[in-house]
Amino acid sequence: MRMVMTGNYASAYGAKLARAEVIAAYPITPQTSIVEKLAEFVSSGELKAKFIPVESEHSAMAACIAAQTAGARTYTATSSQGLTLMHEVLMWASGARLPIVMTNVSRAMAPPWNVWADHMDTVAQRDTGWLQFFCRSNQEVLDTIIMAYKICETSGVMLPAMIVEDAFILSHTSEPVDVPEQALVDSFLPAYSPELKIEVGKPMGFGSLVKPDQYMEFRYKAMLGMKEARERILRVEQEFKHIFGREHGGLLDLYKCADADVIMAAAGSVAATAMDVVDAMRAKGMRVGLARIRAFRPFPHEEFRSLAGKTEGIAVLDRSFTFGAAGAMFTEVKSSIYSCQKRPVVKNYIAGLGGRDITPKILEKIFEDMLVVSKRGAEDEVEWVDVAGLPRRWR
Amino acid sequence: MTKTTIPVEEFAYPGSTGCPGCGANLVMRYMLKALGERTIVTIPACCWAVMPGYWPSNCLKVPLLYCAFEATGAAISGLRAALDVKGVEDVTVVGFAGDGGTVDIGLQALSGAAERRTDAIYVMYDNEAYMNTGIQRSGSTPWGAWTTTTPVGTSHGFKHESKKDIMAIMQAHKIPYAATVSPAFPEDFVKKIEKAKRTKGFKFIHALSPCPPGWKTNPSLSVEIARLAVDARVFPLYEIDEGKVHITRKGKGLPIVDYLKVQGRFQHLTEPEISSMQKIVDDNWIMLLLKESSGT
Chain A
1 MRMVMTGNYA SAYGAKLARA EVIAAYPITP QTSIVEKLAE FVSSGELKAK FIPVESEHSA
61 MAACIAAQTA GARTYTATSS QGLTLMHEVL MWASGARLPI VMTNVSRAMA PPWNVWADHM
121 DTVAQRDTGW LQFFCRSNQE VLDTIIMAYK ICETSGVMLP AMIVEDAFIL SHTSEPVDVP
181 EQALVDSFLP AYSPELKIEV GKPMGFGSLV KPDQYMEFRY KAMLGMKEAR ERILRVEQEF
241 KHIFGREHGG LLDLYKCADA DVIMAAAGSV AATAMDVVDA MRAKGMRVGL ARIRAFRPFP
301 HEEFRSLAGK TEGIAVLDRS FTFGAAGAMF TEVKSSIYSC QKRPVVKNYI AGLGGRDITP
361 KILEKIFEDM LVVSKRGAED EVEWVDVAGL PRRWR
Chain B
1 MTKTTIPVEE FAYPGSTGCP GCGANLVMRY MLKALGERTI VTIPACCWAV MPGYWPSNCL
61 KVPLLYCAFE ATGAAISGLR AALDVKGVED VTVVGFAGDG GTVDIGLQAL SGAAERRTDA
121 IYVMYDNEAY MNTGIQRSGS TPWGAWTTTT PVGTSHGFKH ESKKDIMAIM QAHKIPYAAT
181 VSPAFPEDFV KKIEKAKRTK GFKFIHALSP CPPGWKTNPS LSVEIARLAV DARVFPLYEI
241 DEGKVHITRK GKGLPIVDYL KVQGRFQHLT EPEISSMQKI VDDNWIMLLL KESSGT
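These protein sequence lines are chains A and B, in that order. Numbered continuously in the numbering used here, the first sequence closes out at residue 395. Numbered continuously in the numbering used here, the second sequence closes out at residue 296.
In short, the hints are calculated from the structure, not lab data. Note that the structure is a prediction, hence the values are computed from the model and not measured. Don't take every hint at face value.
[To be verified] Computed cross-link-like contacts, BS3-like style, restricted to lysine-lysine with a CA-CA straight-line distance of at most 27 Å: (1) B:86 x A:197; (2) A:375 x A:342; (3) A:197 x A:227; (4) B:197 x A:202; (5) A:48 x B:200; (6) A:365 x A:284; (7) B:174 x B:244; (8) A:202 x B:200; (9) A:197 x B:33; (10) A:284 x A:361; (11) B:244 x B:197; (12) B:244 x A:202; (13) B:86 x A:202.
[Claimed, not checked] Coverage of chain A stretches by chain B, computed from C-beta distances (three or more under 8 Å per stretch; other residues unrestricted): (14) 17-28; (15) 45-55; (16) 66-79; (17) 85-98; (18) 308-314.
The beta-carbon is built from N, C-alpha and C at its ideal position, and this holds for glycine as well.
With the sequences and hints as input, model every part of the structure.
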């Protein structure tokens, strides 16, 4: 059924269709309407689940961890300060190998207070052992939640997943979304039944102390899980396409990259604008393309490596900045292609922090800059775009 | 000899890595005797996070869910929700945390779980400091005590702040049942845990847990010291049943010095300081009697 809905409602419908059994959540702008909608689903009986109104995001994740350990499929949603408050327990969820699925409405970190789109919160959690999917549309949000459960609940993976919506741009903007039939989702996503769960009669400890002679093996196995997730993402998406007739591009969603002289790498909602810009520039005879980073964890290293020999330059757009280094996506892209024989010029553009608009004009100028830089190399590898006091060449 | 009312079956096997004379070993043992096998125990960072043994060992006959230091309240809420949604109703969910994990870092999640009326028993075993990390003061360390972060012999000296009254905090949450228990009085202990098990909703148990290395006491005297705490009314045994206070053991009213003199952590105290501690204990006891007689 096609419905017009916000990204947040797409998240709530995704969790409902996936039949989440325990939902523990705490309100934060701009995530709140996800939790409100789910509370409504549970109280009306439309969703047979337990809703735990916890007193913090840390507790939201801690409650999901306990519930998932007892064999329930869990869901939560958060944003920004809430996500970073969860940091400790995010590591707990992945270390305990629990396939929890969560939406993060990606928002700027304070201070100064800012509730708008920015990837700093999400990027700061890249080392927590979660799969991270950046979405371009509300449809992708709904579909990716359903896929994420199937990807993560495989015995070879058993890691949690974060579905990322850009604050307000997706979370509060309505689009037509195809809401699949429950029966169809049920045929795609079986009930959660982990090999191990906490239950009486089996006096095991979940999360107990291990010595140095065993700890590394636990970490190694989690690494294998993330490796397996890579293959699993691709396979599950093909199964999803077979049933629902849609796909969203695997780990790296390529748009007109095959013959592109320069490529922009970007994540999140800005990719939708960038596709239009690619079309407009191609109409003017410029061969440009877009590589949308859909999975930030596991990172599409192999996909970038196979692009490296075919293009002259990669402009990496980061909606966050790692102080003392560069944009996180940029660092990843560069490290991906370092081992390639032929390496394109790579330059980092920092833009759109704290919800600042990344307009088609700005994207066009980035492509134009990259077309020049790809020929002569970048003087400054990292450039901040559209910042007061810096050259106003971006407007 | 009268027959004991304590269940004979053991759910705590030998093999705990607790120190000799550890009060928390007894607290776990009596608690599980009262609750039985259909129990899941949630343990945050604390001595008992280490005491069941290294993975894959578990010296307890029940499953254990370890959680982050500050997360016990949230974890028991999540665990109970999952059991409910799966239709498993006859399992007792327990949060088993130390005093630091309860009155300090875990207070927020504890308050949340109590306010949500989570159907679980929260047991705080109170050894009156961060003992797993090596005797640092907590909000539950009593006035006058030495710890490594309240060192005697500096300008500040021993701990100059009172112990947080966690029972009053829990009473303010209007939970159906709260009780203090002592390993020196196992029958009273077991009876209260059994009552908590029968009661629906959020239950809180405050267990005094003597700690030989932290209190600088002879390991063979732990039960005796726990008894002195009750008899000197430092740690009165009472319950708060649907808001009504009921003292379950009046104690002998021994002078506090009898309790203090056997513990190294109080050896620096002067006579006037001991007198002021006696006054705190006397005032608290009178308050408790008043609460009991007024039915609040």
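Status of each hint after checking the structure:
Taken as a hint, the residue 86 of chain B and residue 197 of chain A pair is honoured in the structure, with Cα atoms around 12 Å apart against an allowance of 27 Å. For the hint pairing residue 375 of chain A with residue 342 of chain A, the CA-to-CA distance comes to about 14 Å; that is within 27 Å, so the pair holds. The straight-line distance between the Cα atoms of residue 197 of chain A and residue 227 of chain A is roughly 23 Å, inside the 27 Å bound, and the hint therefore holds. Between residue 197 of chain B and residue 202 of chain A the CA atoms are separated by roughly 21 Å; this keeps the pair inside 27 Å, and the hint holds.
For a cut-off of 27 Å, the pair hint linking residue 48 of chain A to residue 200 of chain B stands: about 23 Å separates their Cα positions. Pair hint residue 365 of chain A plus residue 284 of chain A holds up; C-alpha atoms about 14 Å apart against a cutoff of 27 Å. For the suggested pair residue 174 of chain B and residue 244 of chain B, the alpha carbons sit about 10 Å apart, so the restraint of at most 27 Å is met. With a CA separation close to 25 Å, the supplied pair residue 202 of chain A and residue 200 of chain B stays within the 27 Å bound.
At roughly 24 Å between alpha-carbon atoms, residue 197 of chain A and residue 33 of chain B fall within 27 Å of each other, so this suggested pair holds. Using a Cα cut-off of 27 Å, the hinted pair residue 284 of chain A and residue 361 of chain A holds, with the two alpha carbons roughly 14 Å apart. About 18 Å separates the Cα atoms of residue 244 of chain B and residue 197 of chain B, which keeps this hinted pair within 27 Å; it holds. For a cut-off of 27 Å, the pair hint linking residue 244 of chain B to residue 202 of chain A is broken: about 38 Å separates their Cα positions.
In summary, the hint linking residue 86 of chain B to residue 202 of chain A is supported, as the alpha carbons are separated by about 17 Å, within the 27 Å threshold. Proximity of the segment 17-28 of chain A to chain B, defined as three or more residues with a beta carbon under 8 Å from a beta carbon of that chain, is established by the 3 residues found. Only when three residues or more bring their CB closer than 8 Å to a CB of chain B does the claim for the segment 45-55 of chain A stand; here the count is 7, and the claim holds. Only when three residues or more bring their CB closer than 8 Å to a CB of chain B does the claim for the segment 66-79 of chain A stand; here the count is 8, and the claim holds.
Beta-carbon proximity to chain B at under 8 Å applies to 3 residues in the segment 85-98 of chain A; the threshold of 3 is reached and the given coverage holds. Coverage of the segment 308-314 of chain A by chain B is violated [criterion: at least 3 residues with CB-CB distance below 8 Å; count 0].
Violation of the numbered hints given earlier is confined to hints 12 and 18; the remaining hints are satisfied by the structure.
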